[in-house]
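Novice: Chain residues, written in single-letter form:
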Amino acid sequence: MADPARFISTRRRVREDRRFVTGTGRFVADIRLPDALHAAVVTSPHPAARIVSIDTRAALASEGVEEVLVGTGLPDLVDPIPNALDTPGIRCYPLAGDTVRYVGEWVAVVVARTRALAEDAAELVDIRYRALPFVVDAEAALDPSSPPVHPAHGSNLLYRRLFSWGPVEADFGAAPHHLGFELAWGRSATVPIETFGVVARWDAGRDLLDIWASIQMPSFAEQVASCLRLDLNQVRVHYDVDVGGSYGVKRGLKHTVVAGLLARRTGRPVRLIEDRLENMAGGDMHGPERRFRVAVAFDDDGMIRSLKLRALEDVGAQSGRAPLQLGKPVSAIVGAYRIGSVAYEAICVSTNKTGQTAVRGFGMAPTNLALETALDRVARHLGKSRFAVRRTNMIRAYQFPYRIPSGSAYDSGDYHAVLAKACGLAGLDRLLARRTAARAEGRVVGIGIATCLEPSGGNSSFEALLNPKNTTTTWPESCVIKVDRTGLVTASIATSTSGQGHETLTATVIGEELGIDPDRIRVLHADTLSAMPGNTPVASRMAIMLGGAATGAAGRIRDRALAIGAHLLGHAPGEVRWSDGAAVAPDGRRLSLGEIALVAHREYHRLPPGVTEPGLQATHVYQVPTGGTLPDADGRGQMYPCYSFAAHLVYAEIDRLTGTVSLADYVIAHDCGTVINPEIVRGMVIGGAAHGIGAALYEEFAYDGQGQFLSGTLADYVMPTAHEVPDIRVVEHCTPSPLTSHGQKGVGEGGYLGAPAAVASAVNDALAPFGIACLELPMRAGTLSDLLATATEQP
Amino acid sequence: MPVPVTISVNGRAVSDTVEPRVTLVDFLRDRLGLTGTHVGCEQGVCGACSVLLDGVPVRSCLLFAVQAGNRSVTTVEGLDDAILLDAFEETHAMQCGYCTPGMLIAARGLLSDTPDPSEDDIREAISGTLCRCTGYVQIVEAIALAATRLRQDERHG
Numbered sequence: 070m071a072d073p074a075r076f077i078s079t080r081r082r083v084r085e086d087r088r089f090v091t092g093t094g095r096f097v098a099d100i101r102l103p104d105a106l107h108a109a110v111v112t113s114p115h116p117a118a119r120i121v122s123i124d125t126r127a128a129l130a131s132e133g134v135e136e137v138l139v140g141t142g143l144p145d146l147v148d149p150i151p152n153a154l155d156t157p158g159i160r161c162y163p164l165a166g167d168t169v170r171y172v173g174e175w176v177a178v179v180v181a182r183t184r185a186l187a188e189d190a191a192e193l194v195d196i197r198y199r200a201l202p203f204v205v206d207a208e209a210a211l212d213p214s215s216p217p218v219h220p221a222h223g224s225n226l227l228y229r230r231l232f233s234w235g236p237v238e239a240d241f242g243a244a245p246h247h248l249g250f251e252l253a254w255g256r257s258a259t260v261p262i263e264t265f266g267v268v269a270r271w272d273a274g275r276d277l278l279d280i281w282a283s284i285q286m287p288s289f290a291e292q293v294a295s296c297l298r299l300d301l302n303q304v305r306v307h308y309d310v311d312v313g314g315s316y317g318v319k320r321g322l323k324h325t326v327v328a329g330l331l332a333r334r335t336g337r338p339v340r341l342i343e344d345r346l347e348n349m350a351g352g353d354m355h356g357p358e359r360r361f362r363v364a365v366a367f368d369d370d371g372m373i374r375s376l377k378l379r380a381l382e383d384v385g386a387q388s389g390r391a392p393l394q395l396g397k398p399v400s401a402i403v404g405a406y407r408i409g410s411v412a413y414e415a416i417c418v419s420t421n422k423t424g425q426t427a428v429r430g431f432g433m434a435p436t437n438l439a440l441e442t443a444l445d446r447v448a449r450h451l452g453k454s455r456f457a458v459r460r461t462n463m464i465r466a467y468q469f470p471y472r473i474p475s476g477s478a479y480d481s482g483d484y485h486a487v488l489a490k491a492c493g494l495a496g497l498d499r500l501l502a503r504r505t506a507a508r509a510e511g512r513v514v515g516i517g518i519a520t521c522l523e524p525s526g527g528n529s530s531f532e533a534l535l536n537p538k539n540t541t542t543t544w545p546e547s548c549v550i551k552v553d554r555t556g557l558v559t560a561s562i563a564t565s566t567s568g569q570g571h572e573t574l575t576a577t578v579i580g581e582e583l584g585i586d587p588d589r590i591r592v593l594h595a596d597t598l599s600a601m602p603g604n605t606p607v608a609s610r611m612a613i614m615l616g617g618a619a620t621g622a623a624g625r626i627r628d629r630a631l632a633i634g635a636h637l638l639g640h641a642p643g644e645v646r647w648s649d650g651a652a653v654a655p656d657g658r659r660l661s662l663g664e665i666a667l668v669a670h671r672e673y674h675r676l677p678p679g680v681t682e683p684g685l686q687a688t689h690v691y692q693v694p695t696g697g698t699l700p701d702a703d704g705r706g707q708m709y710p711c712y713s714f715a716a717h718l719v720y721a722e723i724d725r726l727t728g729t730v731s732l733a734d735y736v737i738a739h740d741c742g743t744v745i746n747p748e749i750v751r752g753m754v755i756g757g758a759a760h761g762i763g764a765a766l767y768e769e770f771a772y773d774g775q776g777q778f779l780s781g782t783l784a785d786y787v788m789p790t791a792h793e794v795p796d797i798r799v800v801e802h803c804t805p806s807p808l809t810s811h812g813q814k815g816v817g818e819g820g821y822l823g824a825p826a827a828v829a830s831a832v833n834d835a836l837a838p839f840g841i842a843c844l845e846l847p848m849r850a851g852t853l854s855d856l857l858a859t860a861t862e863q864p
Numbered sequence: 005m006p007v008p009v010t011i012s013v014n015g016r017a018v019s020d021t022v023e024p025r026v027t028l029v030d031f032l033r034d035r036l037g038l039t040g041t042h043v044g045c046e047q048g049v050c051g052a053c054s055v056l057l058d059g060v061p062v063r064s065c066l067l068f069a070v071q072a073g074n075r076s077v078t079t080v081e082g083l084d085d086a087i088l089l090d091a092f093e094e095t096h097a098m099q100c101g102y103c104t105p106g107m108l109i110a111a112r113g114l115l116s117d118t119p120d121p122s123e124d125d126i127r128e129a130i131s132g133t134l135c136r137c138t139g140y141v142q143i144v145e146a147i148a149l150a151a152t153r154l155r156q157d158e159r160h161g
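If you read the sequences in order, they're chains A and B. If you read the first sequence in the working numbering, its first letter stands for residue 70, the second for the next number, and so on. If you read the second sequence in the working numbering, its first letter stands for residue 5, the second for the next number, and so on.
The hints are simulated quantities; they were obtained by calculation from the structure and are not laboratory data. Even glycine gets a Cβ: it sits at the ideal position worked out from N, Cα and C. Any given hint might turn out to be false.
Covered stretches of chain A, going by a simulated chain B footprint (3 or more residues, C-beta under 8 Å) [stated by the list, open to error]:
hint: 1; region: 311-317
hint: 2; region: 567-580
hint: 3; region: 745-751
All chains should be modelled from the sequences, with the hints used to inform the complete structure.
Specialist: Now the structure itself:
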């Protein structure tokens with residue numbers, strides 16, 4: 070009965086692009102409110118120190134200054150930033166109280182008539198410190214005698230649990246081969262070009278705090294209200310703000326609490342738009358910094374029987390939500406492979422470094438690097454092809470749904486077909502020949518291969534996994550659709566967008582359901598008070614969740630329109646079908662959505678018996694497929710409904726003298742089920758890979774031994790330019806998910822999950838003939854140059 | 005001490021008095037309300053603030069407004085370049101849109117000098133503009149597509 074898909078999977082323009090090419094996007098810094106005050110931040114120069122005194126008199130007397138906020142007394146005004154873990158001794162406020170815990174931590178905030186005047190005054194805030202012992206190394210922080218970042222917590226150990234799924238020791242005992250290694254993922258993040266910003270306005274006449282923010286964060290309004298001790302319906306977060314990139318990190322809770330507090334105290338709107346240094350040093354938007362110990366037990370053919378994985382995460386001085394990034398990897402702990410048992414030790418420590426937050430993949434990218442490195446090393450140990458060992462280990466297409474030892478079932482996939490497509494597109498035989506020829510010329514070249522699972526559409530069950538006091542088992546998404554009396558459709562969604570094209574997604578699936586032109590559908594971003602439940606575009610969830618919500622709401626519209634249309638056409642509901650935006654009678658007579666909508670809005674007397682609600686509107690709140698249960702006592706549970714898959718293949722050459730890595734022939738084969746918009750999907754895949762290339766080779770928030778932060782600018786924190794990212798080619802495969810509205814799965818993170826492992830694989834393949842390896846990201850040119858210079862073996 | 009300045013912005017003469025320390029990007033955004041030009045690093049690295057100064061791409065965060073006195077500034081709002089904009093839409097050469105104005109300015113600068121650019125030319129021209137969303141591939145495609153269409157348009161024009 071349904072028409073074949075006309076809009077889904079077809080190459081259609083992305084509607085959001087028009088405003089961006091014409092310079093009419095509306096980012097948070099573009100929002101101008103009359104009489105607004107501008108904030109500038111005074112930050113700590115010490116990794117740990119007691120604040121002896123703060124003198125704000127000169128700053129307050131400076132031109133244009135309205136107020137200077139310090140941390141003393143702040144606990145009387147606001148509640149601390151919530152911890153995701155059960156760590157009540159850790160109480161982090163937006164501004165340091167009597168102690169600073171990292172370089173860049175906010176100590177005072179000045180608000181003035183202009184940003185320049187606020188900066189002038191910020192320099193006049195006189196703070197005296199007495200330095201305290203500090204710790205910046207994760208292994209050192211694990212030592213109980215290390216100086217605790219949060220003394221009230223007692224130590225720097227925030228979380229430690231050994232999960233064991235299956236007969237690990239028995240499997241290790243039975244397997245003929247073992248190997249182990251250590252690996253480090255450096256502190257990096259996604260670092261959007263737009264820093265975080267927030268504009269807050271306290272509306273005394275309405276008793277309402279209005280927030281415009283560059284935000285991508287679940288439960289943001291809830292946490293702002295809670296910290297500010299406001300009722301939740303006293304806070305309105307506006308979602309119609311274009312977010313200039315996020316990829317997980319735009320979570321400026323402390324910024325918003327400060328701006329909200331100052332807006333209320335001053336009675337004037339307050340803008341807090343980070344400058345680059347404020348963002349890099351004190352924005353609390355660093356990403357995972359993780360050390361692994363990996364051991365695998367395997368057979369003669371390379372089949373891995375068991376995996377032991379220890380992950381030590383350094384979340385810095387703020388706890389927040391970041392430690393949960395040790396939880397998401399549990400959802401795909403064996404990757405694409407049929408590993409039968411797993412021991413996973415997750416450890417999280419605090420150090421005197423900038424706070425960490427969620428980054429694209431929520432902790433999956435480092436863990437996938439560890440797993441893929443293990444596959445490479447197994448192959449090398451046995452003298453086998455890395456491709457063959459992957460094919461041996463990969464789950465077979467007929468085995469889906471496939472339940473992994475940690476409890477999640479993968480919904481669908483055909484990993485062998487995807488890997489074959491990657492090899493085919495890259496021309497693997499040709500690349501291997503090229504590598505041989507280049508090595509014969511003395512060049513340092515290698516081929517990298519990595520696969521990755523992309524768990525998508527989650528229900529946030531890692532919250533409950535790492536903190537039993539958290540009982541969240543649903544993470545819904547919503548869509549509201551109204552058809553006006555002229556038959557035109559307006560949809561409302563419960564999120565802001567940071568480049569994912571949610572308006573295009575929503576319009577496409579509604580157009581598909583209703584058989585109408587998506588370009589004539591308007592899509593609005595609501596605000597937190599008018600929106601139905603939503604959880605923002607994290608965890609590769611929106612194609613599944615917003616796609617499902619919009620499809621559900623549109624289906625309800627179609628069903629109602631069909632019921633009214635059938636009655637108006639003189640038929641029983643089952644006798645009329647829906648086609649091309651109209652109810653069609655068996656004799657071919659049609660009533661368009663507009664004609665039906667006019668009756669629904671204006672002519673109650675013509676509505677069928679039983680239809681008592683005028684108008685034509687619908688809401689759908691979509692539950693996560695497979696969601697709704699808590700993990701069991703061993704930490705097993707279904708964490709994500711859908712699992713996308715990708716294989717990355719890349720050719721790398723290392724300059725023997727300088728250690729510079731150049732990449733070529735980068736191909737990605739991926740399977741995210743049904744593609745809704747091909748250009749959006751391609752962009753997400755390639756863009757994610759570019760982030761991964763950065764993490765593998767260039768990007769690091771570096772600290773010296775004195776706890777000083779060394780990467781405060783974009784000249785120090787090096788991100789890939791158009792020279793470093795090669796022409797990445799993409800080929801798709803489609804195994805539809807059986808669980809979603811159109812077979813779609815998530816795709817926002819996979820590029821970032823596969824690329825670091827693929828690049829590392831290529832670099833280590835290039836180093837292998839020298840008998841050396843690099844097991845530390847980023848693989849800096851200097852490190853590689855030193856390794857090559859001191860290598861004792863020569864190919 | 006504010007000083008007078010006159011700048012031609014998007015073809016319109018603008019006269020104002022500004023503090024000498026006000027950057028061109030702040031002048032464009034805060035005084036003129038031309039918020040299409042974005043701020044990313046205020047240090048000349050990211051390129052989000054690029055504008056054309058007498059037709060040449062420059063970082064408006066590294067110039068003071070007074071340095072643009074009696075010169076011509078073109079921002080994204082003033083790019084009269086439908087073919088280029090359309091090509092960016094066609095290949096979806098953006099995601100969040102934050103770097104897009106800088107990319108368009110860099111592309112305009114390139115195509116004015118090099119109407120038939122190679123891929124290397126394009127990558128070189130945009131290598132001073134950071135994009136965190138796309139990995140650049142669709143941007144390179146957009147500029148190549150625009151170049152082809154502009155040349156066709158020239159021939160038929």
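Novice: Mind listing which of the numbered hints don't hold for this structure, in increasing order?
Specialist: none
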